[in-house]
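Engineer: Throw the hints in and build the complete structure from the sequences for me.
Going by the numbering used here, 31 is the number at position 31 of the sequence shown; the sequence numbering is gapless.
Do not rely on the hints blindly, as some may be mistaken.
What the hints assert, rightly or not - Each computed SDA-like pair below joins lysine to any residue, with the alpha-carbon atoms no more than 25 Å apart:
(1) LYS30 with PRO97
(2) LYS30 with PHE65
(3) LYS30 with PRO59
(4) LYS24 with GLU81
By construction, these hints were calculated from the structure, which means they are not laboratory data.
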Amino acid sequence: MAKLLYGIPAVEIDTTDRELAHLKVVIVTKLRRGEVFTLAVNGRINDAGPGRRILWVHPSIPIQFQFDGTAEEKLNREWLEELMAAVNAGGNLQITPEPAAHG
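Structural biologist: Spelled out as structure tokens, the structure:
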């Protein structure tokens with residue numbers, strides 16, 4: 001199980017390597033632009049139970065991407081565009097089902 005570690009002490013968000021690779025691209029892109037946003041991590045935090053949790057993502061808050069495997073994931077451009085469009089529209093960044101790759 002891959003993990004997104006956020007803040008101090010770190011909140012551990014469970015995910016897959018594939019999901020984390022796509023989240024990493026969106027998160028790093030937004031932070032490089034100096035843009036802050038929210039991240040919805042519903043039911044993915046070990047000690048938080050199944051409820052809703054929204055994190056405020058800001059460059060001053062430490063973030064780590066912990067992958068299980070060592071191989072780089074091949075990215076799905078359509079999925080990246082969907083994730084980025086949702087967060088750019090003022091919504092939360094959240095893991096959605098991966099669309100089928102075209103082409």
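Engineer: Does each hint fit the structure? Answer for all of them.
Structural biologist: Taking the hints in turn, this is what the structure says about them:
1. LYS30 with PRO97: Within the cut-off at roughly 21 Å; holds.
2. LYS30 with PHE65: holds, 15 Å
3. LYS30 with PRO59: holds, 9 Å
4. LYS24 with GLU81: Holds, because 13 Å separates the two Cα atoms, which is no more than 25 Å.
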